[in-house]
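Colleague: Here are the chains, one letter per residue:
Protein chains: 8
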Amino acid sequence: MDKNSLLQMLSQVRKGKITPEEASQRILELPYQDIGHTKLDMMREMRVGYPEVIYCEGKTLNQLQEIFGKLLEGDGNILGTRATEEMYRSIARLSKEIVYYPVSRLLTLKRQPIMYSETSVAIVTAGTSDLPVAEEAEKTLDFYGNKVKMITDVGVAGIHRLFSVLPVIREARVVIVVAGMEGALASVVGGLVEKPVIAVPTSVGYGASFQGLAALLSMLNTCASGVGVVNIDNGFGAGYLASTINKL
Amino acid sequence: MDKNSLLQMLSQVRKGKITPEEASQRILELPYQDIGHTKLDMMREMRVGYPEVIYCEGKTLNQLQEIFGKLLEGDGNILGTRATEEMYRSIARLSKEIVYYPVSRLLTLKRQPIMYSETSVAIVTAGTSDLPVAEEAEKTLDFYGNKVKMITDVGVAGIHRLFSVLPVIREARVVIVVAGMEGALASVVGGLVEKPVIAVPTSVGYGASFQGLAALLSMLNTCASGVGVVNIDNGFGAGYLASTINKL
Amino acid sequence: MDKNSLLQMLSQVRKGKITPEEASQRILELPYQDIGHTKLDMMREMRVGYPEVIYCEGKTLNQLQEIFGKLLEGDGNILGTRATEEMYRSIARLSKEIVYYPVSRLLTLKRQPIMYSETSVAIVTAGTSDLPVAEEAEKTLDFYGNKVKMITDVGVAGIHRLFSVLPVIREARVVIVVAGMEGALASVVGGLVEKPVIAVPTSVGYGASFQGLAALLSMLNTCASGVGVVNIDNGFGAGYLASTINKL
Amino acid sequence: MDKNSLLQMLSQVRKGKITPEEASQRILELPYQDIGHTKLDMMREMRVGYPEVIYCEGKTLNQLQEIFGKLLEGDGNILGTRATEEMYRSIARLSKEIVYYPVSRLLTLKRQPIMYSETSVAIVTAGTSDLPVAEEAEKTLDFYGNKVKMITDVGVAGIHRLFSVLPVIREARVVIVVAGMEGALASVVGGLVEKPVIAVPTSVGYGASFQGLAALLSMLNTCASGVGVVNIDNGFGAGYLASTINKL
Amino acid sequence: MDKNSLLQMLSQVRKGKITPEEASQRILELPYQDIGHTKLDMMREMRVGYPEVIYCEGKTLNQLQEIFGKLLEGDGNILGTRATEEMYRSIARLSKEIVYYPVSRLLTLKRQPIMYSETSVAIVTAGTSDLPVAEEAEKTLDFYGNKVKMITDVGVAGIHRLFSVLPVIREARVVIVVAGMEGALASVVGGLVEKPVIAVPTSVGYGASFQGLAALLSMLNTCASGVGVVNIDNGFGAGYLASTINKL
Amino acid sequence: MDKNSLLQMLSQVRKGKITPEEASQRILELPYQDIGHTKLDMMREMRVGYPEVIYCEGKTLNQLQEIFGKLLEGDGNILGTRATEEMYRSIARLSKEIVYYPVSRLLTLKRQPIMYSETSVAIVTAGTSDLPVAEEAEKTLDFYGNKVKMITDVGVAGIHRLFSVLPVIREARVVIVVAGMEGALASVVGGLVEKPVIAVPTSVGYGASFQGLAALLSMLNTCASGVGVVNIDNGFGAGYLASTINKL
Amino acid sequence: MDKNSLLQMLSQVRKGKITPEEASQRILELPYQDIGHTKLDMMREMRVGYPEVIYCEGKTLNQLQEIFGKLLEGDGNILGTRATEEMYRSIARLSKEIVYYPVSRLLTLKRQPIMYSETSVAIVTAGTSDLPVAEEAEKTLDFYGNKVKMITDVGVAGIHRLFSVLPVIREARVVIVVAGMEGALASVVGGLVEKPVIAVPTSVGYGASFQGLAALLSMLNTCASGVGVVNIDNGFGAGYLASTINKL
Amino acid sequence: MDKNSLLQMLSQVRKGKITPEEASQRILELPYQDIGHTKLDMMREMRVGYPEVIYCEGKTLNQLQEIFGKLLEGDGNILGTRATEEMYRSIARLSKEIVYYPVSRLLTLKRQPIMYSETSVAIVTAGTSDLPVAEEAEKTLDFYGNKVKMITDVGVAGIHRLFSVLPVIREARVVIVVAGMEGALASVVGGLVEKPVIAVPTSVGYGASFQGLAALLSMLNTCASGVGVVNIDNGFGAGYLASTINKL
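Residue numbers (my numbering), protein chains in the order written: chain A, 1 to 248; chain B, 1001 to 1248; chain C, 2001 to 2248; chain D, 3001 to 3248; chain E, 4001 to 4248; chain F, 5001 to 5248; chain G, 6001 to 6248; chain H, 7001 to 7248.
Bound conformation, chain A alone (with noise of 0.2 Å):
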């Protein structure tokens, strides 16, 4: 509810249309579907602009169905992140749109014609096992209209592979570095390109990797500036902020 839908009420409740007991709850309601374990926030898309989207780790099997149950009640896209096959499998019965991306653990069903913008987006990963963060970085990107260059295997131990990039790389709007082990790569691009660069360290390496932590504090700690980073492996989230830069 907006600024206008509430001038518009409270002068309904100046001409007594509706009584102020009711505006009052009105004002104190807020718009999302409580199916008991899950508030749904079905406005969400008019509120941010984006649908909401489905964290599915953690969830039971019952209560996916019962969400996308929901959501395909109405007619708007749908994205859901880090669900297992087995999800799938139980959540597919119930639509045949839903599409399923086994190696980013995603989710979309794509039900409204997506709008593209006209700049893109360039995802750049230091090895092929950062892969599957890539794609849920792409995918996600797809799902909310955006163009993608998607530039693999391009780490710091072999830079003459970056140099030969770097034009496809100068032209996108924004540029995602996906990169494991120590990281260096959102660095070497933070330096070379004057676009918003997000750096998304990810839990590829072993030992002292810590599970993405080396990556982690060596993105927060690039001497390149412009650089923000998002938590391990969170594909989805920079895919997602990458949007709200580049639909600027």
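To be clear, the hints were calculated from the coordinates, so they are not data collected in a lab. The beta carbon of each residue, even a glycine, is placed where N, CA and C say it ideally should be. You may find that some hints are simply not true.
[Unchecked claim] With a Cα cut of at most 20 Å, we get these calculated SDA-like pairs of lysine to any residue: (1) C:Lys2015 to A:Thr19; (2) A:Lys15 to C:Gln2012; (3) G:Lys6015 to D:Arg3014; (4) F:Lys5070 to F:Ser5120; (5) D:Lys3149 to D:Leu3166.
[Stated by the list, open to error] Only some residues are given here: those of chain F computed to face chain E with a beta carbon under 10 Å: (6) Val5053; (7) Tyr5055; (8) Gly5058; (9) Thr5119; (10) Lys5147; (11) Lys5195; (12) Pro5196; (13) Val5197; (14) Ile5198; (15) Leu5216; (16) Asn5221; (17) Asn5231; (18) Ile5232; (19) Leu5241; (20) Asn5246; (21) Leu5248.
[Claimed, not checked] Chain A side only, calculated, beta carbon under 10 Å to chain H, not exhaustive: (22) Gly155; (23) Ala157; (24) Met181; (25) Glu182; (26) Leu185; (27) Ser187; (28) Gly207; (29) Ser209; (30) Leu220; (31) Ala224.
Given chain A's structure and the hints, the job is docking chains B, C, D, E, F, G and H onto it.
Modeller: Chains B, C, D, E, F, G and H only, in chain A's frame:
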């Protein structure tokens, strides 16, 4: 053995009905049942008003059977926490009245009527994935005779969901906030209600959540006053503490 | 602005005494005083029953003077935490009634009579070195109208000291345990009393105490039920929480 | 040296005006000024649109004088970060136009007119103690030609303060959230605005804040989508990133 | 080779019975059996009074068979730690006398009579779940000829259980305390007995116990004097150390 | 109050010489002197054989004067740890017999003759910089009547230094190893002697020593059997524990 | 493309045989094979003297098949690290010459004769459980043409085992020390040999070894000079570094 | 005492010129000078080719004077690390030839001519603030007779600076990379040169650099092969290791 019984017993010593040796022994002797691997605190309910709770994790099936077997000789209510399904099946042979909650992994046996308090405790969860911990708190509160209001999925990313349920939360005498990820809900609720707030960080999340550490630190550093924190995923502890407060 | 005033104001909208625009503005307008760097929550006492507390650390002398200057225009009681002696001297020029506690680094200004509760809160410390934190809790409790019983230096290394004061502790409605080093006192007290226990880890110790981390982890993992934990050295938070419980 | 100049130079090679040896050298030679301890990137402004920034911490007074002396030979604008008052006094002898901000410890020298963008960046702080970091972001944004709206002291413990300023925040193109302690403000703001949000954890707090670690982890694990995080206390980095986004 | 044998051998050198080259070789040659992957310290019992112990974890079945096969050629007693059931079955083929303790995962082979000391070691556990670690200490102590008194489940949450067994604990010459969660039992016992206390933190617990870190830090920071700590879950190490003390 | 005195007192109750009330009070009353901020355990020497030790850190000069003033009323020996020079000067006014060791920051007052044990304790340090901690152990051992052999600067980087002093070390009944940096000396000594070894990690080092954490973890994970570890820099604790072992 | 080829090509530009556009493209073009998910650095052997190594972990079977398929088109030697048995079976179909080492999880394909250096590298392990990491180093060194001497199970708990093999160790040009638990062997060896020492911490251990952290910190803080450390369990990295040194 | 001298001495035993007792003593006796608090390894230069280095931190002025006084009795070169200006002034009285480097805090006394190797070591720093650590490595290398090429301020944020100096770096036999913040320079250099690379993380940075931890983890997890890491800020260790490699 409280001060009164001590006085009483010492009076009997004076009267010569009990020898000093015997009295000395009784004072040093303390009220529990020793079954080898475990000392069952049979008089705990009398002493602190709460029956002993069995922490099942790390105990063998044999040990659990002996513990519950002993407790079943009495007629008190019994609560078991962090029990696997296999543990339940093993114990269930001893008594058909034992109930198992697979989501929260609690075992209960209610043989005495539960006297419910007038006032209630509110449990507020940030997301659907926090439900197992919230249910552990809920069933614990119920076991100890508290009325509970469960409010789920009102995390701060869609804060309007929280505001519409605030009146319900404010009716409670104590509020438990259950949240993973960044655990911000505890601070927001703590700033909105004037009641004692108990915050339970959960291990919901990934990457830099470090199995609940992020939510734990967040809750400990809350800028809201009047928030006490329990261990990560410790729904039982939150329920127990809330019960001691609610019953004051 | 609570629900009643909202109803009242909306009635005036109905009667045409307030325009919808004006009402809309008032609803969105919230009760604080903006003095540039700080937003003073002048109506906090009305809203949650406790006046706003000034966290002094990290504020400049100028900012503190402006904040206290503004608050002194009202006639409420004022509490400042983590204030240095220099801060006190700077503020003291504004009012001679401001009292400074150099050990706990609290500032208080009491202009309204404090109504004391019947029941009391016990503060139990493990060692003499924990006194600054304990005093912070004590003066906070006093400021909010709670009677306090302070029991010092009963750490578990000489546990007989604790047992002799147990009757005094058990008379209280809420118990605060303040301990550094390994913080074991919280568990021992938590196992002996049936009241809500608030544990405050302190940074007393050295080496692997890691500035209070050892005591903090110890208290969070307590084997006693019914213990809530606040931040390291957070005597104020413990006092505030104890007060909300004691006043129920 | 971009692709165009390379083409141009190679044309001159073809025409025999430049020897292959010379061209080869130029290609390998890169544009900076070497003053012994430091390589000044004089062409950075041309290359990425931003003049080089001097990170003053850890440099000796002598080194800083040589660096600024060299930069003063040009006519560009200069920004220095994390400078002590002593550093400022040492540099100030070289030019009276250098301005020092003691709270945020920035040095600026503006010799070229700054072209301001139409759109603005909002900086939102949780508390008054976060102001030094917020000012670092503010002055950085101003230096790079961005309009800034500073909104202070709207931490989540009194969330009504935030709601009253939401319209102002929503007018901005990018939002920077500066918060210490538990850093929950980033999640709440991230859930309320549809713009890119940059979160800056600060070291404000004590105990288990571990010098800003709690706020950092909290922001990385935010349940709100579209939030990028920079290093603890890194107001400059947040300002720089916001500028690259705002200028798109 | 102790000083006496060295003198003896050098006398034989003087007498010309051993060439200097041979003597030089012998001095550099040290007493162990090399079986490729492992160097078996066959003379360890002679040198330090304790036979070598086989740390089974991380060794292949083949390696273990070769190690035990070699040791079985001698006639000493053998102790294996952290052995899986599969390892046992693989070794058991070599000798029917090998005994396996599935709870503590120890292997023992006793071929020489064990001479028991007069004095005893007490093992005190906080909970039933600490039993595997306690049994590891118990069987180790037995293997080295110490009498053991095992006292289980006397954690501080019900401290009266501890007091009733204090006389038994005080009869021991050395006391081992085994505790997980917050490990407070070590401090309480350390304050009550005047004997050397060895504390063993266990990984019993969850959440902020961080696999035993909480108990470990707690024990290292104990306010009781005279407590030595071994690694998390290291029942063997505690038993070994207790044995060296008990046998003095 | 031991069992004998309890029996005696109860006999007097039987004879009517003590009222039950009085006896009840005495049983609950425990032997210490309460001087407000501190409870002095005057009978500790009688109970556990060691006089109470004053941990000076974190206590005010006033508190220390009152504590030592009270203790000086008795005639026992006194030990103070972690005392600053300023603390010493403040206490020194009370008695000229108090001795201060500025390197180890100990205070001692010896009024009773010290009975030395026959056997000795060896203290072995890795480097010269570990001497303050080693001296704390040495003076503590001396205070409790143990003969000490101090062997300094035999760190493993030049392991031949250690071998030449091995015979001296082996004469001792207990060995304390004091080492910072990587703390490897504890493992090497532990493998060479058959006596109980107490390892004291020190904060000597820099960078990834993390104030002694590296040495602490190293010692806890020692591959040598029979090593107990105390807190970082805790020379007193090591000395105390060694004394309880040496005096067996 | 080295400086010579650049000069050559530029000469052809001068002669008009190559257009500037084409030359410009070639300079920016860099030598690798792009197979979509991976960029194969086919000229790496020419550039730095070592063929590219395939880090198998985190790659899908499909990706590995495509990578090895591409590499098999050439005739160089191939090394794959951290490969599972399943990966091996999938790759093995492509060429029968691929060898798999299940203990160290290496894959090798040797098609070119390996030229062995005169000098050797010694690998010293603390325990039998460190063998998988040691073998990874050994096979890597062999692959790159180094002679290796493997000395196993000479941990410091029985330091005499180390001394008897010292002459063998001292014959090597470079020494690799592989140790878990407290990793003390690196310091002892570092103090005994005058050659470069490379330390590899392993995750062998439990409890406070924290998956190799203890050994890592220990090695980084070694009191011996001349020790370089690689990641936990990184036998490949140690072998590679040793090879670059041995081949100097 | 090497094998030859042992043989020689044993021959003299055979001839009766040395008694077995005396020989036995000499074998056990090892070559150092004991000055109480410190054991000076006077024959270290003979044994491992490098004179002993004095780690000054944590030593008293008195101890340092005695150590240097003793060393000055010989005629070797001396190196002291981590010395304060005050330490230098105290030592300088003993010999006018002692040189102090205030930036790197090294002390050197060169009395023997230094024989320089033909080959050189390159030191590459990321920023100007890393110079103190780089100078420590540089002066150490010089002290041990290595030619050094120092290349400063080529951090990856402006990677073109690095490429222009690559030929200089590639001429060296060993490369030391000194970098703070995210330490990415080590990976980039490691990928560009085929020589052994030694990485030194520095404590340059703030916030989540955690005093150099970020750079340390980054370097340990480098995706480039052939990189060995030393402790944070350990310029001496890097120089020493580089020297042992360069002198091979």
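Colleague: Could you run down the list of hints and mark each one as holding or not?
Modeller: Okay, the hints, checked on the actual structure:
1. C:Lys2015 to A:Thr19: holds (11 Å)
2. A:Lys15 to C:Gln2012: Measuring from Cα to Cα gives roughly 12 Å; hence the hint holds.
3. G:Lys6015 to D:Arg3014: Roughly 7 Å between the alpha carbons, so the hint for G:Lys6015 and D:Arg3014 holds.
4. F:Lys5070 to F:Ser5120: violated (33 Å)
5. D:Lys3149 to D:Leu3166: holds (12 Å)
6. Val5053: holds (7 Å)
7. Tyr5055: holds (8 Å)
8. Gly5058: violated (13 Å)
9. Thr5119: holds (9 Å)
10. Lys5147: violated (15 Å)
11. Lys5195: With Cβ-Cβ at 6 Å, under 10 Å, it holds.
12. Pro5196: holds (5 Å)
13. Val5197: holds (8 Å)
14. Ile5198: Status holds, d = 6 Å.
15. Leu5216: holds (7 Å)
16. Asn5221: holds (6 Å)
17. Asn5231: holds (5 Å)
18. Ile5232: Where the cut-off is 10 Å and the nearest Cβ of chain E is about 8 Å from F:Ile5232, the hint holds.
19. Leu5241: Cβ of F:Leu5241 sits 5 Å from chain E, so the hint holds.
20. Asn5246: holds (8 Å)
21. Leu5248: holds (6 Å)
22. Gly155: The hint holds - A:Gly155 has a Cβ within 10 Å of chain H, the shortest such distance being about 5 Å.
23. Ala157: A:Ala157 check passes; min Cβ-Cβ to chain H is 4 Å, inside 10 Å.
24. Met181: The hint holds - A:Met181 has a Cβ within 10 Å of chain H, the shortest such distance being about 4 Å.
25. Glu182: Hint holds; A:Glu182 Cβ to chain H Cβ min 4 Å, cut 10 Å.
26. Leu185: Because about 8 Å separates A:Leu185 from the closest Cβ in chain H, which is inside the 10 Å limit, the hint holds.
27. Ser187: Since chain H brings a Cβ to about 4 Å from A:Ser187, closer than 10 Å, the hint holds.
28. Gly207: With a closest approach of 7 Å, the A:Gly207 hint holds.
29. Ser209: holds (5 Å)
30. Leu220: holds (4 Å)
31. Ala224: holds (4 Å)
The structure fails to meet hints 4, 8, 10 from the earlier list, while all remaining hints are met.
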